[in-house]
Amino acid sequence: MSGHVSIRLASERVNHCVASNNELPQFYTPGEVITGTQDFMRGHGTYVEDDSLKASVAGVMQKVNKLICIRPLKSRYVGEIGDVVVGRVLEVQQKRWKVETNSRLDSILQLSSVNLPGGELRRRSAEDEQMMRKHLQEGDLISAEVQSVFSDGSLSLHTRSLKYGKLSQGVLIKVFPSLIKRRKNHFHNLACGVSVIIGNNGYIWISPQKQDIMVDDNREDIQNYEMQNA
Amino acid sequence: MPGPDLLSSQGLRLDGRRPNELRRIRCKLGVFTQPDGSAYLEQGNTKVLAAVYGPHQASKSKQLTEGVVVNCQYSMATFSTGERKNRPRGDRKSQEMSLHLRQALAAAIKTELYPRSQIDIYVEVLQADGSAYCACVNVATLALIDAGIPLRAYACACSSSMAWKGGEPEPLVDVSHVEEAAGGVCLTVASLPSTESIALLEMSHRLHMDYFDVVLSRAMQGCRDIEVILDKAVREHLVEGWTKQDVVTI
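If you're matching them up, the sequences are chains A and B in order.
So the first sequence is numbered by the working numbering: it starts at 3 and just counts up by one.
So the second sequence is numbered by the working numbering: it starts at 10 and just counts up by one.
Bound-form chain A, shown alone:
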């Protein structure tokens, strides 16, 4: 009965890191003076007070020529044009949908920046506005691309490609957005029959691969299934 039981206090720090001996960058904390001179430009995470540039978040410095930014370990998603995001429809409005994308403000998906069902290209009419809820409802998950960023930081999305649009049958996983790097491809089909959408906003969508990819392997299964249901 006398096994070793280690009971730790909640506040005791446990460092799980394997590589803790590699060299560290310099860290800055809020209120810390970065530089006393005025020949630098202030970027995100910094502010000017008493003729010196100070950090406003805790993190590492990124310097591009004269622009100094402090990048925190984690923060809300800050969108850039071309990012792939996964979001949830919050609201259906007159000519647009409000989408929650883990960003500071809700994102907007305009009716004019979605593909109409059937793929026809034309001006959006009043009937289309009335059919909006048929297309995307409150609570639906979508994948989309950032079309533009408004001056207040909110995002405008578009789904004008067949790879974007409504998501169904899968699992959503939320992680911190800073853990996801910007890559060329955010849509992955894994060999095990799983397709993954890694949204830049920290939302990851995992789903079975599209039927048309698998159709050669299990055409018979599908036919049997359809016959049973017919």
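No wet-lab data here; the hints were simulated from the structure.
One thing to keep in mind: the hints can contain errors.
Derived pair list, reagent style DMTMM-like, types lysine to aspartate or glutamate, alpha-carbon separation capped at 25 Å [said to hold, decoys possible]:
1. B:K119 / A:E82
2. B:K69 / A:D52
3. A:K100 / B:D129
4. B:K119 / A:E131
5. B:K119 / A:E34
6. B:K241 / A:E34
7. B:K69 / A:D142
8. A:K100 / B:E75
9. B:K119 / A:D41
10. B:K71 / A:D108
11. B:K119 / A:E25
12. B:K119 / A:D130
13. B:K71 / A:E93
14. B:K69 / A:E25
15. A:K76 / B:D129
16. A:K100 / A:D142
17. B:K174 / B:E30
18. B:K241 / A:E140
19. B:K71 / A:E102
20. A:K76 / B:E121
21. B:K71 / A:E140
22. A:K65 / A:D154
23. A:K176 / B:E249
24. A:K76 / B:D240
25. B:K69 / A:E131
26. A:K65 / A:E34
27. A:K183 / B:E249
28. B:K119 / A:E102
29. A:K65 / B:D240
30. B:K174 / B:D219
31. A:K65 / B:E245
32. A:K183 / A:D154
33. A:K65 / B:E249
34. A:K76 / B:E249
35. B:K69 / A:D53
36. A:K176 / B:E75
37. B:K71 / A:D154
38. A:K168 / A:E131
39. B:K119 / A:D53
Here the structure is a predicted model, which is why all the values come from computation and not from measurement.
For chain A, the structure is supplied; the task is to place chain B on it using the hints.
Relative to chain A, chain B alone:
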């Protein structure tokens, strides 16, 4: 002034501290995954948890065009005090504490950066052993830093009291529950120590004006000491987070 006997003949306090000594502060950032930022802090036997959500879109009725809405909720667990509480939040004292918390934190947050947004700060006192408000400000600051929300500086809070040692006034820093209950004066200061500015000042009981300066300066010194401790904790957290990122990229 016939104040209660808070100092022994050796000049030690009821719990064995020296007059200018803080209680032990231990803290940890990033204790939850669901909120954007979270922290846990122990100041002696006072234990508090904080969670920060946001900045996120504020509701239509609340949103301001000039800055972010800071929304605080202070709650004390039912088991946090000697006598069991039946309302963890919503009573007069909690509402007042929420307002005070908002005042101190809104002074530190760079509110002008996020128009039309809202930041929610939830603080839960798990064990109250004096200076619960101070611990709440300190833990909320850590949670805000963990959430990556821009701050002007650390917001730290500290309390101080007053005792007599051989007829001389001797201020006490970081008041514990026994000292609070003994009925002495209790001055609570929330400040941004690196800018030397005071965000909130509150005093219970009466204190002669002649002694106010020494008591205030002792509390401010406490704030500066706490800032050093919080800064160290934040740096340790950054080191931990940073090496983890490197491991992922290898």
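Exercise. Run the structure past the numbered hints and jot down the numbers of the failing ones, going up.
Key: Violated hints (numbers, rising): 2, 4, 11, 12, 14, 18, 35 and 36; every other hint is consistent with the structure.
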